[in-house]
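**Student:** Generate coordinates for the entire structure from the input sequences, incorporating the hints supplied.
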Amino acid sequence: MSTALKDLIRNPTVAELELVARYAALKADARRERLFEAFAQTGLPGRRAENWRWSDFKTAVGQLDTPKAPPARDPLARDGVSTLRFTPAGFVAPASLPAGLRLLAKEDVQAMGGAEEAPLGALAAALSGTVLVDVSAGAAVHLHMVFQGPGAINAARVVFLLRPGAQLHVSESHLGGAAFSTALVEFTLNKGAHLHRTLYQAGGADEAQAVTALIEQDEGAESVQTVLALGARIARIESRLVHRETGSKATLNAAYLAGAGRHADITTHVRHGAPACTTRQATKGAVLAGGRGVFQGKFLVPRTSGQQTDASMQHNALLLEEGAEVFAKPELEILADDVQCAHGNTSGALDGAQLFYLRQRGIPLAQARAMLTEAFIAEALEGAGELEEVLRHEAQAWLSHVS
Amino acid sequence: MLKIENLSATVGEGEGATAILHGLSLSVPTGEVHAIMGPNGAGKSTLSYVLTGREGYTVTGGTATLNGEDLLSLDPEARAAKGMFLSFQYPVEIPGVPVMTFVRTAMNAQRKARGEPEISAPEFIKKSREIAKVLSLDPEMLKRPVNVGFSGGEKKRLEIYQMMMLEPRFMVLDETDSGLDIDALRTVAEGVNALRSPERGMLVITHYQRLLDYIKPDKVHVLAKGRIIKTGGPELAHRLEAEGYDGVLAEAV
Ligand SMILES: Nc1ncnc2c1ncn2[C@@H]1O[C@H](COP(=O)(O)OP(=O)(O)OP(=O)(O)O)[C@@H](O)[C@H]1O
Ligand SMILES: [Mg+2]
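Taken in order, these protein sequences are the chains called S and E.
Take the first sequence: its letters are residues 1 to 403, numbered as in this note's numbering.
Take the second sequence: its letters are residues 1001 to 1253, numbered as in this note's numbering.
Careful: at least some of the hints might be erroneous.
Straight-line alpha carbon distances no greater than 20 Å define the calculated EDC-like cross-link-like pairs of lysine to aspartate or glutamate that follow [said to hold, decoys possible]:
1. E:K1143 x S:E388
2. S:K106 x S:E33
3. E:K1155 x E:E1130
4. E:K1003 x E:E1093
5. E:K1082 x E:E1167
6. E:K1225 x E:E1199
7. E:K1143 x S:E382
8. E:K1143 x S:E389
9. E:K1127 x E:E1167
10. S:K329 x S:E50
11. E:K1143 x S:E33
12. E:K1155 x E:D1138
13. E:K1155 x S:D351
Just so you know, the hints here were simulated from the structure itself, not pulled from any lab data.
**Tutor:** Below, the structure written as structure tokens:
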């Protein structure tokens, strides 16, 4: 490797050197170079970067060896739904595609806006090709995506264009299986388009996972996103959304459940770049001893373009045991004056009066805790529609191991 | 029989612990209904919590047994499985858990603890429907989360609904009459009376004689300053209603 490449990242870690080597092995390409440089500015982000101080990938991503855990089950897999697979060995297209959908897998790289703000997204783009999905107007189209090992690094990028009036229901399973997985998923919603995105994430205690979504919405477009994250050694689900024309609406809900040795980070950034747009955000979390939850939410409402914004942000976390950790930073940067913005942020233990009420009726302590926790996070999963039950079932399964 | 002997208890932790019950003794033979009356802050609710095992209450002396079995060493859920039921003075809201789900979970948990088979869904629904009718409860209400957005009176009626569903062996009713309108008081009392049986005992905590017109007690106890200071028949409730507590409190000294 040339000295120039080696110097891309200052004081590189073992993993960063490995990433540089991966990049160097790919065909030279000006766009790829630009994206890798955007990543290299921070390297694997960690404590020193403001938005990453609670989710330190630099420290958490160690040797990039293939993890030993058996492949995880995909709870969102359904018969009859076309599935896109992203593996360390490359992209696997489905045998057939639903009507209204076109797919193009390219080896070369497509430019990415705001790469500096999303270093792990830029990395995903720099280390992979591009899968383009074009959705035309018509009946709702269903699609499933799986991101899973085995391997050392799983980098993937998929770019969706929802044409005016298009409706897409996409489910995503981020199942780990690689030492380090990073996925970049982009959505452009043209006028009146609808996106329904449901995401499940689970990873092992020796795996790092990053999912970066960039969402741009035109006039009257609407997106509903629901996340269930079970964490990994470190896992971050980041969504960066821009309302760029009037009347656009977004719902960004998430539930995270972090057990011992698991870290789940839900980060969102919403820019109200046009008047009269709506954002609803509810994040609920439950964390056990030795687990860590992170919530970072930001609404940016500029002075002129952000007028008549209607936005609310809620984050509520349950610390189920002594030794559970939750870090939260809800941030509203509101420069416009004619807006409705609400936010709330709580974290605490289960309510003793509620627990006693359940136990007095004969429900054993462990079951009472599971019931109350499930009820607590349920609201965040309501938007998942037909997949709500599946997510609830996964949450129940997680909770049944809690005592 | 519920038998409480010389029971003393504190509330609060460590330095902040306050003694509330001071050697309280009381027996309710199976098949009888006893009433407890007493001034605010006397320790009536404390007694109900100590009997059902609420956290934060520490027994510092005495015993409590149900049909000869010690209650005080058991977890709250184990006491419930043995048949202890508390109709709360302030029922708790459980957002996100529908009433029917809650009661069915509770019923099956109790049955499991007793080694009995689960209730089937149709059987459960049938029973629920019958009881809702007796209590004039809107069936829609039973689909809503437990107590969330219920009026004070609705919450009390829901306590009785749960009690009738779970068919406990011993019931403590803590001010079930407060917040009920005149008609609801009668309906609730009918529900409670329907559960009266030679196999069950009941302790009814109330401030008003009125409830005891509907639920006729075998005995009335006066609880003051953490102990039972007087016991009598139903006429004692009438006397308290007419005279207040001053008289009996003075006699007790
Ligand atoms: N956590 C606590 N710490 C300190 N004192 C407490 C605590 N909880 C209750 N108490 C006190 O214990 C006493 C008995 O309360 P309790 O609720 O048992 O009274 P009660 O007889 O049910 O009254 P009421 O008729 O008003 O319902 C009261 O003086 C109350 O203030
Ligand atoms: Mg009381």
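**Student:** Now tell me, hint by hint, if it's right for this structure.
**Tutor:** Verification of the hints:
{"no.": "1", "hint": "E:K1143 x S:E388", "result": "19 Å, holds"}
{"no.": "2", "hint": "S:K106 x S:E33", "result": "17 Å, holds"}
{"no.": "3", "hint": "E:K1155 x E:E1130", "result": "18 Å, holds"}
{"no.": "4", "hint": "E:K1003 x E:E1093", "result": "31 Å, violated"}
{"no.": "5", "hint": "E:K1082 x E:E1167", "result": "11 Å, holds"}
{"no.": "6", "hint": "E:K1225 x E:E1199", "result": "31 Å, violated"}
{"no.": "7", "hint": "E:K1143 x S:E382", "result": "17 Å, holds"}
{"no.": "8", "hint": "E:K1143 x S:E389", "result": "18 Å, holds"}
{"no.": "9", "hint": "E:K1127 x E:E1167", "result": "11 Å, holds"}
{"no.": "10", "hint": "S:K329 x S:E50", "result": "11 Å, holds"}
{"no.": "11", "hint": "E:K1143 x S:E33", "result": "58 Å, violated"}
{"no.": "12", "hint": "E:K1155 x E:D1138", "result": "13 Å, holds"}
{"no.": "13", "hint": "E:K1155 x S:D351", "result": "19 Å, holds"}
Violated hints, in rising order: 4, 6 and 11; the structure is consistent with all others.
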